[in-house]
Amino acid sequence: MSYISLSDKDKKEMMGKIGISSLDELFRSIPKDIKLKRELNVPPPMTELELIQLFDRISQKNNYQNFISFLGAGAYRHVIPYIVDYLSSRGEFISPYTPYQPEVSQGTLQVIFEFQTLICQLTGMDIANASLYDGASAAAEAVLMAHRLKGRPKVLVAKTLHPHYRRVIQTYVKNLGVEIEEIKYSETGEADIKDLKGKLDDKISAFVTQSPNFMGITENLEKISDLAHSVRALSVAVIAEPISLGIFEAPGKLGADIVAGEGQSFGIPLSFGGPYLGFMACGEEFIRQFPGRIAGQTKDVNGNRGFVLTLSTREQHIRRERATSNICTNQAWCALRATIFLETLGGEGLKELAWQNIQKASYALEKLSQIKGVKRKFKGNSFNEFVLEFSGGFKKISGFLRKKGIIGGLNIGEYYPELKKCALVCVTEMHKRGDIDRLGAVLKESLKAK
Amino acid sequence: MIREPLIFEISEKGKRAFSLPELDVPSKKDILRNLPVRNEIEGFPQVSEVEVIRHFTRLSQTNHCIDVGFYPLGSCTMKYNPKINEKIASLLEFNSSHPAAPLDLIQGNLEVLKTTEELLVELTGMDAFCLQPAAGAQGELVGMMLIRAYLGEKGDPRKIVLIPDSAHGTNPSSAHLCGYRVQEIQSNKNGTIDLQSLAQNMTKDVAALMITNPNTLGIFEVDIKKIAEIVHSKGGFIYMDGANMNALIGVCRPGDMDVDVIHLNLHKTFSTPHGGGGPGSGPVGVKRVLKPYLPLPIIERKREKYYLNFDSPKSIGKVHSFYGNYLVIVKALTYILSLGCEGLKEVSEIAVLNSNYIRKSLEREYFLKYKTPTLHECVFSDKFQREYGVENIDIAKRLIDFGLHPPTMSFPLIVRGALMTEPTETESKRDLDLFIDAMKQISKEAKKNPEVVKYAPHVSYVRRLDETTAARNPILRWTEKKKLSRKE
Chain A
0 MSYISLSDKD KKEMMGKIGI SSLDELFRSI PKDIKLKREL NVPPPMTELE
50 LIQLFDRISQ KNNYQNFISF LGAGAYRHVI PYIVDYLSSR GEFISPYTPY
100 QPEVSQGTLQ VIFEFQTLIC QLTGMDIANA SLYDGASAAA EAVLMAHRLK
150 GRPKVLVAKT LHPHYRRVIQ TYVKNLGVEI EEIKYSETGE ADIKDLKGKL
200 DDKISAFVTQ SPNFMGITEN LEKISDLAHS VRALSVAVIA EPISLGIFEA
250 PGKLGADIVA GEGQSFGIPL SFGGPYLGFM ACGEEFIRQF PGRIAGQTKD
300 VNGNRGFVLT LSTREQHIRR ERATSNICTN QAWCALRATI FLETLGGEGL
350 KELAWQNIQK ASYALEKLSQ IKGVKRKFKG NSFNEFVLEF SGGFKKISGF
400 LRKKGIIGGL NIGEYYPELK KCALVCVTEM HKRGDIDRLG AVLKESLKAK
Chain B
0 MIREPLIFEI SEKGKRAFSL PELDVPSKKD ILRNLPVRNE IEGFPQVSEV
50 EVIRHFTRLS QTNHCIDVGF YPLGSCTMKY NPKINEKIAS LLEFNSSHPA
100 APLDLIQGNL EVLKTTEELL VELTGMDAFC LQPAAGAQGE LVGMMLIRAY
150 LGEKGDPRKI VLIPDSAHGT NPSSAHLCGY RVQEIQSNKN GTIDLQSLAQ
200 NMTKDVAALM ITNPNTLGIF EVDIKKIAEI VHSKGGFIYM DGANMNALIG
250 VCRPGDMDVD VIHLNLHKTF STPHGGGGPG SGPVGVKRVL KPYLPLPIIE
300 RKREKYYLNF DSPKSIGKVH SFYGNYLVIV KALTYILSLG CEGLKEVSEI
350 AVLNSNYIRK SLEREYFLKY KTPTLHECVF SDKFQREYGV ENIDIAKRLI
400 DFGLHPPTMS FPLIVRGALM TEPTETESKR DLDLFIDAMK QISKEAKKNP
450 EVVKYAPHVS YVRRLDETTA ARNPILRWTE KKKLSRKE
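Sequence lines, in order, name chains A and B.
The first sequence begins at 0 in numbering that gives the first Met the number 0 and counts up one residue at a time.
The second sequence begins at 0 in numbering that gives the first Met the number 0 and counts up one residue at a time.
Keep in mind the hints are simulated off the structure, nothing from the lab.
Don't take each hint at face value.
Claimed, not checked - With a cut-off of at most 27 Å between alpha-carbon atoms, the simulated DSSO-like pairs for lysine-lysine come out as follows:
hint, chain 1, residue 1, chain 2, residue 2
1, B, 313, A, 11
2, B, 158, A, 153
3, A, 60, B, 158
4, A, 153, B, 313
5, B, 304, A, 431
6, A, 173, B, 203
7, B, 304, A, 403
Looking at chain B on its own, in the form it has when it is part of the complex (with noise of 0.2 Å):
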């Protein structure tokens, strides 16, 4: 196997890649007079156009991406990216205009922006959308931030937010950077958040409580129009982490259950590619009262133009240089009007058809925590296997051997050894049967030949790696001194 050098490593100077048409104005010899300048920007590469393909297409083949294969990540929504996404949002009216150009030279872009606003509102029964947010927990921060300045106009921002033990991390982080106070609310049995405690909880100091329904572990907040009468009676507010979307489509709506604030991630239920870890995009949609205080500018349309309004008093103010990332939302465009109607709401049942054949073809061999009915994932944990010191890392690890993505494993806390396992919508039978077969097969060798899966992966381009000592001795950067020898 070829193991590709760091580029830094196989640069030699002299080599080009890169070449500019002649300066074509007169050259001003001592144009850097008075300035710092630099002399060269030490240890930069300088390499050849095909060194730079190759080395490229060989890192690129040592992905596993969804072109390839599947993907269970839970929460992560890792559906198909469909190409014709990527086509229109490559057009060049769409992708070489300036974002300071004037209103009338990029109606188009404002047309597609106000559209996808009010598509955003239907799907969700919201009243308004901002697509400002770059990513999912922008959009959480951005959510956070609108309740805070609403409940500070009326004399008291608060100062507590609710959180279920069950959620996503980036839901306390979110509200710690608003200046609230984190407080857990523990789940019940069934998985769900428990009445009692958010009752008990629930009080004029709490500003928020933040729920992602359905939650992480795919379940349904049944009694969510009780959560909302409980946070509500008190002057709260229902933030909601729109992160499993992909259940709901068509089939009810936050703004339905007395959601107050969503966010909605677009690579995640709406298709945008994840590039290895973004870009993303993070809409937030509120109910009227605090639309006042959404970020700036405001699309708005008068007589069949549209405009930006920066005229908004009470708005937070700006979370993105411009509008946020603009091509991501083309890309989600695009999918909800190739959909449509119908290709909508098919996307939750077969979601949650795909993930309960899942869940049913494994659940003799995979513990499930909660026997609850779950929607669009499932969590399942190694507790049969960690009988045989099997554990779910071990898991994750030795599925790649079988050509496939380990299912997510840092959360729900609440569920010792998690696998949170998401097919989404446009996975085949055919390889659904590949990971629950493989599935089955990890969990015999686990009895049998335990081995084999903690030594897993076997037959990656690389195998288990030293994250301890990654994290011990931190080597973030190649440095000319540390340059290894080609053969290593």
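Bound conformation, chain A alone (with noise of 0.2 Å):
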């Protein structure tokens, strides 16, 4: 295929106006001994139909699909109504340019403003940003800005936060001289109250918590917030899974500083992992300090009103190094889904949805535990995940599982080496009883089999 819209005589005119012979003329400015004297290596061009029949070959390789799968870990399967794919896929939505010309930018621009505003419903803050690029980035520049608001030397961070959100904020701090302490968790599969007190002290900076955590448990953000504030650090709430926001209170009402999270499950497909949607929202006093675009309403000057992208001092094209952060692009076409997902859904909607993960996965959870040889692992309050103990460990069950069709869960071990016995189990709106159902009776028939 070729994209160029040139004929032989265009490129015959152009040359003539510029004054050159041939194409290689024009890099003429390139030293000849770094220019490549050979062809690339790479297969001649492919039509439409090769390209189609290419990829059907490479993406069948890929199986997954055909599984009851029970992962979720930070990337949830959720309904995704049909309207989502259909109004993102206008040339006029994905094809634009970041809005910097507001006059011909409305479009996004309004999006984005009801995308704020939706995450500051959701999250009960004053001020959301247009998008961070995934949970963990967003987690990150969590930190960072808590870093910068207090000043001081250290970080706790929840060892039931997302095990790839502490990991990358080890790597974006880890040439900032912050300090990362973990607090660990309890058996509730909460974060540990007492190992919280006594690592609490003025040298942090925040605290930053998940909820429902890793191991799917809601957190007690109220209690946390507080003993955060007791020493005058900011509680950071970090929200991997939002559907959960549906039915239960706002981070921010709770006592969160700062709201940071992953928005997947608004409306954008599993993608093996991205491109996905982070998001960030705090309170107003904090939004010298916060990091990437935002948007906001003004009037033109016929008194109609418009959006532009503003408070853009803060920001690395017009502040250079000392940028609140270096983020330039960023989601805005997931932002786009994410808000058509949630305006589709109302709060009604997304409330409902929130209402049938937290029944199937009750369900799913009390129906699992009772088979002789699984246990529930934590006895703290779960959404719509939780980790379930095999008492001959999970790999073997897995392998079964497998061969019956069934992905069983996250072999959480992998990360939790104290639970290598265990697997993270995820439950959605997605699941029939009928899934869950076969979940067990396979279950119960592989641990029979042993």
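From the two separate chains plus the hints, produce the assembled complex.
The following block contains the structure:
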């Protein structure tokens, strides 16, 4: 394929205008000794038909979609209303640039403004940005922001924060002199309050908790935030499964100062991990240290309402090395999908979706933990994920389930060696009762088989 | 003209655009006991499906986009986004696979990633690639971290990063985020790096020089080899911002110019859509010495099977929740394979032809600060028009009345009143001429009727917006209290 729009005649005319006789002359400024003196070692061009055939073949080497899967762990399969695909694939939404020229970008800008509003409503915060890369980098940006605001050397992070998020935070802070210390989890699967109390002092900028956490357990954000505030540290709440906000109280109302999270659950397919949608919100008193693009409302010369990117003196293209973050390109189109998703569901739809998740997961937890050899690991309250302990370990069982067309969950021992017999199981509205019952039946069978 | 309200302003209780199947497990009424529950999500909209469709369709129609017209944004490479790329990325097996799925069930995904890495290695002449960074700026950050990790291990991470005064704002910002102090290098009268200034500033405290080649003026750094020699002789690294790779594909390779680290922007050079600001993808390529420091996991192939290697003790760690913006990478791979060997080189040839055609056509009407030959873009300025009180922003806004998108104005900072123009290879001569004619017309207007330029745009959905008030009295979300009447 070629996407060139010039005819030979055009090229000739244009070369004539420039005053050259061959295209090579255009590159005269490049020294000869660094020019590539051979053809690129890339296959010859392919037609659309060949591309479809090739990628059909490659994609068929994936076989995940033929399994009943109970994987979650930061990437969730949820219903996506068809109009999310339909609207987001419009050329006017997918092919524009960043809306730096507001007069020709009102669509994108108003969508961002609505997205910011929805995130504020969900999180109970005053301001939200136009998006960040993903949950992990949003958590890292929240840590950096808390550090800028407080200027204290340490940040406490719950060990039940997604292991990948913790890893990304470590990478981001490594060269900036911020020390990260982890807070253990208790028998309930929540952040260990005793450990937290012992480590909170005036050297701490913030405590970062995820809720529901990586074990699927809901944290007591109110208590945690009070404790953080008792040493004048900030409480950072990370939301990796934002469908939970359909029924759980907004973190902002429970004392969180900064909320960062992953918006993939809002209308974005699993996509093998990306593109996803980082989001971030906070109180308006922190606006000068807030990272990322923000849209704001204003008026045009005729007095009509319009939207612009604003407060850009925080950003790299104005502030350069003194910017609050280096982020430029974000995940705007994913934010658009989330906006369409949330406005289609509405408050009632989101609440019902959350309700079905918690009900189905609870049904599954009850059913599965009754099986001999299977135990519910943590007593805390869960949303749509929970940890099961298998007396004989999970690895063998997982293999057995696979043979029966089921992916039973995540082998959580890879991240927490002390949980090596455990699996993290996720149940959403996409699982039919029959799927859950089948998981139960096959589990029983596998445990008997041993 | 219909002025589309905010969705919150048309929301009414009882409307619905969504329904779920009945809950098929026994419902436990007391399930939320002991949990912090919310009654409702305050202010959340409630509308019908038709209203959602009309809302977003009307909003979409107020956007300029590449499917509608020309986008001469410099250093942004707004080329056509082939539709087949979208189709391939939407294949169910690609877009419905879970990032933690067992490896034998996602061999297709891993093959896509590995193949893309290998092709990028060939296109750039680097030794290895990592596809994890989600955008160019994250790629820059990773690149700087790799350098810092290497130098740190040798005993001294150093303190300074040198950056030319023509650089994009993310460069200094990324260096800073990696714990470095930024020192600016002045450009010479040709618009390229001044070797003397570089040599003076290049000390053993300097970790790297971040360059863009061709630079943001569209000028190739002809002394790139000497520049690399100066930096390497003091133990520093050459980091190249690959934002302008569209000028070089198949012509020359950063790896052959002694560049040590590079990031590419798949949403620029490799045609993936900008989506109104993202998602992008910012793969990082390195020379062999920096390979052990690349982010985790590393994709490897053994006997026709792909797997993920997490065992790389020197790695800087992770920068993404999973493996990067996977579906963006699928689109870029589709693009590379569709163009193939000849098509890729043609990209750069025609991109440079189009740009030089614009330059030649407008160089009398618009001031060119640097007369040096340029490749895929060139930076005009408003110097001639300023005599009549017309500035670059006015010219930009007037272009909107012609159905065209303005060029880039925010940088390079070394050209006052910059109009940085990059046409890319996909524009037709007819569209280039539309732009050229409009620019000539505006130049005439600036002399004869400057008011028409200064108060542009005249025919857009909104007219010039008050950005000062937006920043001074920020309204960053809709709130019920400020609910505007429908008429407004």
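Numbers of unmet hints, in rising order: The structure conflicts with hints 1, 3, 5, although it agrees with all the remaining ones.
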